[in-house]
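Participant: Chains as they are written, first to last, in the numbering used here: chain A, 1 to 377; chain B, 1 to 377.
Quick caveat, the hints were computed from the structure, so don't treat them as lab data. Some clues are possibly wrong.
In this list, chains with the same sequence are indistinguishable; a pair is considered to hold if it fits within one copy or across any two.
[Unchecked claim] Pairs of lysine to any residue residues, derived as SDA-like cross-links and limited to a Cα-Cα distance of at most 25 Å, are as follows:
id: 1; residue 1: Lys268; residue 2: Trp377
id: 2; residue 1: Lys268; residue 2: Arg199
id: 3; residue 1: Lys268; residue 2: Asp136
Each chain is listed here by its residues.
Number of protein chains: 2
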Amino acid sequence: MTDLDDVRTPFLAVDRSTVQANVDRLRARLDRLGAGLRPHLKTAKSVEVAGLLHDGEQGPITVSTLAEAEAFADAGYRDILYAVGIAPDKLGRVVDLRQRGVDLAVLLDSVEQATALAAERTGLAGIPALIEVDCDGHRGGVRPDDPTLVEIGQALRDGRAELRGVLTHAGESYFADGDGELRAAAENERRCAVLAAERLRAAGHEVPVVSVGSTPTAHFATDLTGVTEVRAGNFVFFDLVMAGIGVCTVADLAMSVVTTVIGHRPDKGWILTDGGWMATSRDRGTSRQRVDQAYGLVGDLDGTLYEDLLMSDASQEHGILSIRPGSTASLPDIPIGAKVRILPVHACATAAQHDRYHVIEPGSRTVWDIWTRIRGW
Amino acid sequence: MTDLDDVRTPFLAVDRSTVQANVDRLRARLDRLGAGLRPHLKTAKSVEVAGLLHDGEQGPITVSTLAEAEAFADAGYRDILYAVGIAPDKLGRVVDLRQRGVDLAVLLDSVEQATALAAERTGLAGIPALIEVDCDGHRGGVRPDDPTLVEIGQALRDGRAELRGVLTHAGESYFADGDGELRAAAENERRCAVLAAERLRAAGHEVPVVSVGSTPTAHFATDLTGVTEVRAGNFVFFDLVMAGIGVCTVADLAMSVVTTVIGHRPDKGWILTDGGWMATSRDRGTSRQRVDQAYGLVGDLDGTLYEDLLMSDASQEHGILSIRPGSTASLPDIPIGAKVRILPVHACATAAQHDRYHVIEPGSRTVWDIWTRIRGW
Chain A
1 MTDLDDVRTP FLAVDRSTVQ ANVDRLRARL DRLGAGLRPH LKTAKSVEVA
51 GLLHDGEQGP ITVSTLAEAE AFADAGYRDI LYAVGIAPDK LGRVVDLRQR
101 GVDLAVLLDS VEQATALAAE RTGLAGIPAL IEVDCDGHRG GVRPDDPTLV
151 EIGQALRDGR AELRGVLTHA GESYFADGDG ELRAAAENER RCAVLAAERL
201 RAAGHEVPVV SVGSTPTAHF ATDLTGVTEV RAGNFVFFDL VMAGIGVCTV
251 ADLAMSVVTT VIGHRPDKGW ILTDGGWMAT SRDRGTSRQR VDQAYGLVGD
301 LDGTLYEDLL MSDASQEHGI LSIRPGSTAS LPDIPIGAKV RILPVHACAT
351 AAQHDRYHVI EPGSRTVWDI WTRIRGW
Chain B
1 MTDLDDVRTP FLAVDRSTVQ ANVDRLRARL DRLGAGLRPH LKTAKSVEVA
51 GLLHDGEQGP ITVSTLAEAE AFADAGYRDI LYAVGIAPDK LGRVVDLRQR
101 GVDLAVLLDS VEQATALAAE RTGLAGIPAL IEVDCDGHRG GVRPDDPTLV
151 EIGQALRDGR AELRGVLTHA GESYFADGDG ELRAAAENER RCAVLAAERL
201 RAAGHEVPVV SVGSTPTAHF ATDLTGVTEV RAGNFVFFDL VMAGIGVCTV
251 ADLAMSVVTT VIGHRPDKGW ILTDGGWMAT SRDRGTSRQR VDQAYGLVGD
301 LDGTLYEDLL MSDASQEHGI LSIRPGSTAS LPDIPIGAKV RILPVHACAT
351 AAQHDRYHVI EPGSRTVWDI WTRIRGW
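If we strip away everything but chain A, and leave its shape as in the complex, we get (with noise of 0.2 Å):
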């Protein structure tokens, strides 16, 4: 076993046990809601945190590549959503995984795609596909009031494909601004995604899915009537954009990027760590927030935060820490080579710089285990 402070720095480092807290607590609630969960594993890519999330089971589970895909069926996966709008070259390798006995879902919002897909030879009953539907104007999909989603369905059905249900992604919540206005950004992804499914099966389609999710919007929702799955991603490790529009605590914050102090500029308040954007992503999702956390919080290597001490700035491979703007907090005494964990902004960014996990337990400083991440396309 190793020592948290023997790891080569920087690198990240996951609570094991605020994962499964994460995890239950989003599992118990969606549970009363009378929902299933579909994870995304975009955030972890990681087929042992994929573990923790259907009690060992390889329950159903969403992915944002085809490369993550292919790895969760190699560890034995067999229901799995691919949640980014299908391009037709890659309907190979969807048939491919098909064939391996998985039962492999796509994405798509346009007749072109309907038809590309209805077309393609599997040797197998068709490609099952959802339809995107636009909740909130944030990315892809048809509107659910517009007449397209019917001719989708209708070119599905007119080819070889299936059509499996509906999908939708409230883009919106991410911004949202307090309690009241997630569980309307719920709502209103419900009710999107429902009445897609209402005219779908007016027109004659069976829609026996209907998935909506976001890590906010999963938290948020009260009602989930009519929604038969769940997909949320960012919770298994949360971020400081989840704190800041109150999903979380910073409590909740399973992963951080354990850094070294590598120097100190007393005269400008700074101290320097080895741990730059190269280890945090360049993502600085709070800056729209009420407050700034910059590239994150800074605590001990036992997680214990220092009073409002930022990573305040970053180059490729130097972190700068320094007390957050207009706080009385004094810069700790830290030395050149202790070690610092950086509590992250955004977790699918930060976590996308690495290759591995080292898993700790609260109140421990040993590594029980690495877990490699999927990279790639």
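Based on these hints, arrange chain B on the given structure of chain A.
Facilitator: Chain B alone, transformed into the frame defined by chain A:
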């Protein structure tokens, strides 16, 4: 040979001839000014790119991580500067490399670090160190007139270490506005480094190396008297930040992210692609420049730019292309499945999102080679 159109998107394309032209341009400049080039491999992180820098020789290089130092040592490089302030617990790996015959020098800016270095048992001559000098307040380093400078030199001499020289980096040059400010930043960088070297020499130290550099100052210095070597890294690929400050033109950009169109939102004026921030990074380095290029300019697969088309927004695996605000250009008609090239805002950050380069030549769609990137720390 693979065709560029057959590679799984998103991926990085690098134009080898453009890299070579960028290298030749800087080498010619520095030859005229009488300074050596110690290229910074933090941008390219590639043995193959390094091979273009010194006419196929393993010349002097700069690295930003010990993982880079180890990979370049494996490739035969023997003159390596690790240009991030040394943490004492990294000295074991430094000693290992030196015992393999690599002349690896480290960087420091405190008496504490010098004392730790001087105490290290190498079994060989002392570890050579450069003292980091702060020329414009952007990162670490001691000011050239700070008495600490000479104290660090003394601490190195008192122990078993070697004072190899002084190093500075004009962080301010990335924010320069116009040629005059760039020339001033370059002269300030030179003046500070030379002043620091002179102060150490006056205290009885030999200071063989006077190292300066950044891509902007390397291209705008008009006098390098007293400087022995110039470091620069970004110049191999260039990017829109560098074009924005006038160090290169858009035609000099050697790297792009190839993505596939996966949808359209004519109601919003959007084209959607399968390349989000996972493929480009979250870097928004032009947001404070005169012209904000968002996540990058967009060209077709042959590299011809679309008029005023930007990658205007990004989620993890989605890019949004739209016409620059205020432009009268029309959204081009790019069908689902077509590939587009995104010219990056910040090459160092964009390249870091990928494991390899697909090597192309101008006017050809053939992928001539795959170059791998060095990852981790």
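Participant: Could you tell me which of the numbered hints above are not met by this structure, giving the numbers in increasing order?
Facilitator: 1
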